[in-house]
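Engineer: Put together the whole structure using the sequences plus the hints.
Protein chains in written order, with numbering that gives the first Met the number 0: chain D, 0 to 120; chain P, 0 to 120.
Check each hint, because a few of them may be wrong.
[As the list claims (entries may be wrong)] Pairwise CB distance ranges, derived in the manner of DEER restraints:
1) P38(D) x D109(P): 23 to 29 Å
2) E4(P) x P38(D): 52 to 58 Å
3) D109(P) x H40(D): 20 to 26 Å
4) P38(D) x E39(P): 54 to 60 Å
5) I46(D) x T117(P): 23 to 29 Å
6) Q82(D) x R14(P): 30 to 36 Å
7) R116(D) x P75(P): 14 to 20 Å
8) T117(P) x R14(D): 36 to 42 Å
9) D109(P) x E113(D): 31 to 37 Å
[Stated by the list, open to error] So the derived list for chain P, only partly shown, Cβ under 10 Å to chain D, looks like this:
10) R69
11) A79
12) E90
13) D95
14) T99
15) V107
16) A115
These aren't lab readings, by the way, just hints derived from the structure by calculation. These numbers come from a predicted model, not from an experiment. Quick reminder that beta carbons are idealized off the backbone N, C-alpha and C, glycines included.
Protein chains: 2
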Amino acid sequence: MRIGELARRTGVSERSLRYYEQQRLLAADRTAGGHRDYPEHAVDRVIRIQELFAAGLHSRTIARLLPCMRDADGGPSEVATPQLVTDLVAERERIDRMITELTRSREVLDEVIEAARTPGD
Amino acid sequence: MRIGELARRTGVSERSLRYYEQQRLLAADRTAGGHRDYPEHAVDRVIRIQELFAAGLHSRTIARLLPCMRDADGGPSEVATPQLVTDLVAERERIDRMITELTRSREVLDEVIEAARTPGD
DNA sequence: GTAGAACCTGACATTGATGTCAAGTTCAAG
DNA sequence: CTTGAACTTGACATCAATGTCAGGTTCTAC
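Structural biologist: What follows is the structure, given as structure tokens:
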């Protein structure tokens, strides 16, 4: 599929998809004229990439991580190097802290929203 | 307490604490000479602010939200305006999506880390 | 009163993914 | 062929919190 359709189906801008390619996160074939041509499973991959960005990972880390993911991309997954494992464990701890903070913030929002819904309270 | 101690106790840089004040997130008394003097409950407030930043809220939104939080700051909490409630509901939805993405990313990291721990697999 | 730590303001830099625009090329349908 | 939509590359802008540095002032302990 072409970049426009991929963008539409993933909700990620064409700009970002080109950036992902530049960062070696997402490969694309090319038509004879140079247009990008994505395989079907690129949709899943883009969604994963977005999730990893949302989790605060940098593109360089994602680039190292992706080859180790079991995915629908067909290719056999590599095994993470010890250095990568160390880095990923640290990222996981950071994500856990982040989830805690998000959950706490959500509770704060809940309280404020609820307090405004019950004027008599 | 002074800014150095507050920074130490919250893990937030002095630079950021000054920025919070500038953004009207955190008030501070001043000594005769102009040094900031924080009350004890500033520690809690700074932690809340950090959590809200981690949740992706902007300082302007946090500034509107803080007066509505029931907190140890003694002051009576205001009631959120309808506009603020609308905004906070949207933020809450965003936070929920974010938690979902973080949780999914955590699972991906788990898989890769675990796969590297069991070489025979 | 003095030394040194701690603090002040102000300015400028950084980060990294993404937005946006320009000028040109390719694709697909009639 | 032609036309307009979709695509290409490249460059520059943006955002918002935080880092960093300079030059000066205040505080505290002796």
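Engineer: If any of the earlier hints don't hold here, list their numbers in rising order.
Structural biologist: none
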